[in-house]
Amino acid sequence: MAVATSARPARTAPQAAFFYRPEVRQAIYQIVTVVALVVLFWILITNTAANLKRQNIASGFGFIDRTAGFDVSQHLIPFDASMTYGRAFLVGLLNTLLVAGLGIVLATMLGFVIGIARLSTNWLVARLATVYVEVIRNVPVLLQLFFWYFAVLKSLPVPRQSHVLPGGGFLNVRGLYLPAPVPEAGFEAVALTVLIGVVASIAVYFLARRRQMQTGQRLPVLWITLALVVLLPLGVFIVTGQPLSWDYPELKGFNFQGGMVMQPEFVALLLGLSIYTASFIAEIVRSGIQGVSKGQKEAALAIGLSKGQSLRLVVVPQAMRIIIPPLTSQFLNLTKNSSLGVAIAYPDLVSIWSGTVLNQTGQAVEVILITMGVYLTLSLITSGFMNWFNARMALVER
Amino acid sequence: MKRIAKLTTAAAVGLLGTTVVASAQTKTLDTVKQRGSLSCGVNVGLAGFSQPDDKGNWTGLDVDYCKAIAAAVLGDGTKVKYVPTTAKERFTALQSGEIDVLIRNTTWTTARDSSLGLIFAGVNYYDGQGFMVKASLGVKSAKELNGATVCVQTGTTTELNLADYFKANKMTYKPVVFEKLDETMQAYLAGRCDVYTTDQSGLYSNRVQQPKPEDHVVLPEVISKEPLGPSVRQGDDQWLTVVKWVHYALLNAEEAGITQANVGEMLNSTNPEIKRILGKDGELGKGLGLSNDFVVNVVKAVGNYGELFERNVGTGSRLKIARGLNNLWSKGGIQYAPPLR
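Here the protein sequences line up with chains A and B, keeping their order.
Add 43 to a position in the first sequence, counting from 1, and you land on the number used in our numbering.
Add 158 to a position in the second sequence, counting from 1, and you land on the number used in our numbering.
In short, the hints are calculated from the structure, not lab data.
Hints should not be assumed to be uniformly reliable.
Said to hold, decoys possible - EDC-like, lysine to aspartate or glutamate: derived pairs with alpha carbons at most 20 Å apart:
hint, chain 1, residue 1, chain 2, residue 2
1, B, Lys438, B, Asp451
2, B, Lys402, B, Glu465
3, A, Lys295, B, Glu302
4, A, Lys197, B, Glu341
5, B, Lys328, A, Glu409
6, B, Lys191, B, Asp234
7, A, Lys96, B, Asp271
8, B, Lys458, B, Glu431
9, B, Lys402, B, Asp271
10, A, Lys197, B, Asp373
11, B, Lys239, B, Glu256
12, B, Lys338, B, Asp234
13, B, Lys383, B, Asp322
14, A, Lys197, B, Asp340
15, B, Lys325, A, Asp123
16, B, Lys191, B, Glu256
17, A, Lys96, B, Asp395
18, A, Lys96, B, Glu256
19, B, Lys338, B, Asp211
20, B, Lys332, A, Glu293
21, B, Lys246, A, Glu293
22, B, Lys246, B, Asp234
23, A, Lys96, B, Asp394
24, B, Lys478, B, Glu372
25, B, Lys332, A, Asp123
Claimed, not checked - Take a look, some chain B residues computed to stay more than 10 Å from chain A by CB distance:
hint, residue
26, Pro242
27, Thr307
28, Leu425
29, Asn429
30, Asp439
As the structure is a prediction and not an experimental result, all values here were calculated from the model.
We put the beta carbon where it would ideally sit given N, CA and C, even for glycine.
Please take these sequences and the hints and turn them into a complete structure.
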């Protein structure tokens with residue numbers, strides 16, 4: 044008699060008990076770790092607050108609205124002793140951003156030049172670049188700042204014996220004084236024209252590239268840009284009757300009044316940081332260029348590009364993949380090194396906020412936390428932007 | 159997986175445990191006695207007040223006060239650990255317990271007495287803020303300084319007083335703010351600024367260290383009150399009383415004519431006041447937690463206030479500052495101490 048074989052019943056893998064399942068275990072460990080971290084931070088914060096209270100040390104962030112009572116030598120926004128600590132914080136932050144931003148631009152430009160110079164076939168140029176990199180890299184940056192500040196200071200004359208510059212400027216130990224442009228009634232038209240010119244030249248750049256891809260013909264983009272951004276506003280400027288007057292610096296008593304001034308602290312910090320960071324960037328650029336396979340350069344030369352063109356159009360774009368991540372680190376280093384400005388009287392964030400305000404209010408914990416938060420934010424923004432840039436530069440491989 | 163779980167929970171429990179231990183009200187006097195040395199916060203280097211010499215020995219008015227307190231508490235003025243502090247970190251060092259007492263030419267102000275968790279224990283030097291300019295500028299008074307550039311150190315009362323003075327006198331100025339004294343002086347000497355401002359004692363002390371002191375002029379105006387004194391943490395009344403009475407002991411010793419040289423023979427004096435001060439009569443030190451003859455130890459270690467002053471900032475030093483306000487109340491100054499009884 045044939046036995047009817049029933050179909051095997053569909054069966055899932057044997058289920059272990061609840062706590063032995065891997066996903067459950069993972070979830071539990073993660074939850075325990077998160078809870079432990081949260082508890083740790085809560086304990087740290089409440090313990091600190093309790094200790095501060097017990098010792099009668101003021102705490103809380105109310106001090107930000109108190110009157111500052113001190114002046115600052117360089118402020119990009121109006122500031123005087125009757126404004127609040129919060130405003131002083133903004134002044135310091137803007138000074139830091141100014142020196143960090145300009146420093147990054149200068150350091151990158153100089154670094155690229157030196158890095159490429161090190162690979163030059165001209166023996167002298169290559170050796171000079173090597174000496175530059177080796178010397179500047181190996182001297183501590185604070186000493187370099189002192190050198191630029193005090194060496195430069197000692198060589199400049201006092202205000203009463205300033206060097207006179209053509210055009211109404213003066214150079215002395217208090218700074219570089221230049222005539223300041225004072226825009227008058229019709230200046231908005233010129234400013235608007237400049238803006239339109241910039242936007243138009245960006246559009247021209249993209250259109251010219253598309254045209255080159257499609258038809259192979261190249262437009263002289265550089266000249267067109269110059270015409271749009273410089274000549275056109277200049278024309279508008281003349282047509283509207285030159286609505287610009289100049290405020291000349293004059294020696295009154297101890298110092299020059301009027302005009303614009305670049306203070307020696309700012310110049311020394313900018314120079315010192317740019318030159319120092321440029322030496323590191325030079326090495327990064329050199330390693331990037333040497334990391335591109337030699338065949339690329341030979342092929343570029345073989346199809347008729349000049350040496351400069353092969354560098355610009357073939358080698359460096361490929362080298363950027365290697366250059367950008369360490370370059371990000373150098374930008375962050377420069378931003379954080381700007382805090383050394385306090386040693387040469389540059390009123391950056393650390394000098395004003397973690398220096399003067401901390402000392403006057405005594406609230407070290409809050410002030411240092413805010414400073415750390417600011418530098419962290421700046422660094423995250425910089426590296427976020429550079430990572431986006433890096434992703435754009437990445438070669439899409441098949 | 160199991161190990162990670164165990165480690166995580168162990169770490170969490172461990173951290174929980176450590177932070178729950180709340181420190182009770184610290185008795186600094188007991189701590190100092192137990193440790194056997196006094197941890198004293200001083201200036202990194204200000205001639206006349208606290209400065210290390212080329213062998214690393216600290217000298218100065220504030221340093222002598224440290225020695226006096228150590229002599230009173232431990233019987234020996236050499237049992238001091240000097241902790242040099244900048245203007246920025248001095249209060250944090252005291253708040254955190256790194257130092258027992260801060261004797262660092264610090265001005266006594268409301269803000270510092272209240273919201274920093276410290277309390278001042280007297281005034282060991284009455285000072286005021288002044289200005290120093292180069293003699294070549296031909297300036298005779300601070301009221302002629304409109305538009306000048308002023309070098310100043312960061313975070314001190316100096317910055318605030320400077321702003322107030324110029325505003326009150328309707329003058330403008332440009333500040334150049336440094337962190338360290340050396341850089342401030344270098345910038346002033348290089349001509350970066352016209353004026354250097356700090357307490358008068360600091361002006362004299364910096365001026366005398368220049369190769370040609372006559373090239374610099376200290377202007378006559380004193381624009382603020384700067385009572386400099388030692389400070390301790392709040393909440394420790396016993397320690398505050400000890401530091402206060404060491405200062406008063408120095409003044410009382412000068413009033414009674416007890417000097418470092420004659421304290422030995424003064425021990426045999428029959429004068430009841432001197433017997434009381436030197437602990438031969440009565441129980442002077444008991445309530446303070448010190449030995450009854452603590453004044454003897456103090457005067458043996460550093461002398462009386464007058465000797466201390468003259469040795470460090472007066473005629474016996476390079477600064478040559480006159481006693482002025484810092485003289486005893488009976489001699490035209492304002493140093494007045496409650497009686498030791």
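Structure-based check of all given hints:
no. : hint                  : in the structure
1   : Lys438(B) / Asp451(B) : holds (7 Å)
2   : Lys402(B) / Glu465(B) : holds (19 Å)
3   : Lys295(A) / Glu302(B) : holds (13 Å)
4   : Lys197(A) / Glu341(B) : holds (13 Å)
5   : Lys328(B) / Glu409(A) : violated (35 Å)
6   : Lys191(B) / Asp234(B) : holds (12 Å)
7   : Lys96(A) / Asp271(B)  : holds (15 Å)
8   : Lys458(B) / Glu431(B) : holds (18 Å)
9   : Lys402(B) / Asp271(B) : holds (15 Å)
10  : Lys197(A) / Asp373(B) : holds (18 Å)
11  : Lys239(B) / Glu256(B) : holds (11 Å)
12  : Lys338(B) / Asp234(B) : violated (33 Å)
13  : Lys383(B) / Asp322(B) : holds (13 Å)
14  : Lys197(A) / Asp340(B) : holds (15 Å)
15  : Lys325(B) / Asp123(A) : holds (10 Å)
16  : Lys191(B) / Glu256(B) : holds (16 Å)
17  : Lys96(A) / Asp395(B)  : holds (18 Å)
18  : Lys96(A) / Glu256(B)  : holds (19 Å)
19  : Lys338(B) / Asp211(B) : holds (18 Å)
20  : Lys332(B) / Glu293(A) : holds (16 Å)
21  : Lys246(B) / Glu293(A) : violated (37 Å)
22  : Lys246(B) / Asp234(B) : violated (31 Å)
23  : Lys96(A) / Asp394(B)  : holds (15 Å)
24  : Lys478(B) / Glu372(B) : holds (14 Å)
25  : Lys332(B) / Asp123(A) : holds (11 Å)
26  : Pro242                : holds (16 Å)
27  : Thr307                : violated (6 Å)
28  : Leu425                : holds (41 Å)
29  : Asn429                : holds (43 Å)
30  : Asp439                : holds (39 Å)
Consistency with the previously given hints fails for numbers 5, 12, 21, 22 and 27, ordered from lowest to highest.
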